[in-house]
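S.K.: Sequence:
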Amino acid sequence: MKDCLVVIPTYNEIENIEAIIRNVFELPVPFDVLIVDDGSPDGTAVRVKNLQREFSGRLHLMERRGKLGLGTAYIDGFRWALAQDYQHLFEMDADFSHNPNDLVRLYEACSEQGHDAAVGSRYIKGVNVVNWPMGRVLMSYFAGHYVRFITGLPIMDPTAGFICYKRKVLETILTNNIRFVGYAFQIEMKFLAWKYGFRITEVPIIFTDRTKGESKMSSKIFKEAVFGVLQMKIGSYFKHYIPPQKKPKQLEEKVATEVV
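In terms of our numbering, the sequence shown opens at residue 1 and continues consecutively.
To be clear, the hints were calculated from the coordinates, so they are not data collected in a lab. No false leads were slipped in.
List time: in silico DSS-like cross-link candidates among lysine-lysine, alpha-carbon distance up to 25 Å:
| hint | residue 1 | residue 2 |
| --- | --- | --- |
| 1 | Lys195 | Lys168 |
| 2 | Lys239 | Lys195 |
| 3 | Lys195 | Lys223 |
| 4 | Lys2 | Lys166 |
| 5 | Lys168 | Lys233 |
| 6 | Lys49 | Lys2 |
| 7 | Lys2 | Lys168 |
| 8 | Lys166 | Lys239 |
| 9 | Lys223 | Lys233 |
| 10 | Lys168 | Lys239 |
| 11 | Lys195 | Lys233 |
Bear in mind that the values here come from a model prediction, so they are computed numbers and not experimental data.
Please model the complete structure; the sequences and the hints are all you need to start from.
M.R.: Structure (structure tokens):
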């Protein structure tokens, strides 16, 4: 049985990828890493393959063809992790907007404090965002208020992408058809975990905007979140959230052969 896997989606992260991997492997908790690369033309996957010689058995790479979206990258990564029997699965960006040191705190919130999911929250203690333009800070902050108003989801940072999930949470929520790929993907995952009755906590973090590479945020992703929240809420009226009693084998081994 394996314990911790950090799933990191990448597209053109050659400037950050080696440093983020080394930072994770220097932590006191033995995290493994899965890079899910969407055909980066800048050579991100090649750099990861070179590092695999140094971190054999701990650094894994899934190569996908083209930009298939953040949500599908995480779903493919999670499916592979479940097949490999990992118990704690993490989402994290490659650009150091999420401090790798905070992985330990997210892990402890689930492994020691009894929570099923731990969200690295920018807004649980004020506004902890560095280097973002004020317009984007306000957009993100009020997006959280909008999500909570529409859905009732009791999370201050529902669009956060820095999370630890226990295995049983993903075994349950991935039986659903996850429909969204950007901000709305992050909201949908938390919304499903909450509706299924899992215990979710927020761990305060400081979010620092990237200093290298380019942001993948777009108006299309933001619009998806706005309208996706309404779809999620309306759809929830017609669904019974009963966790499956048996381990959903169909989630496993689907993408295992794609990972090196």
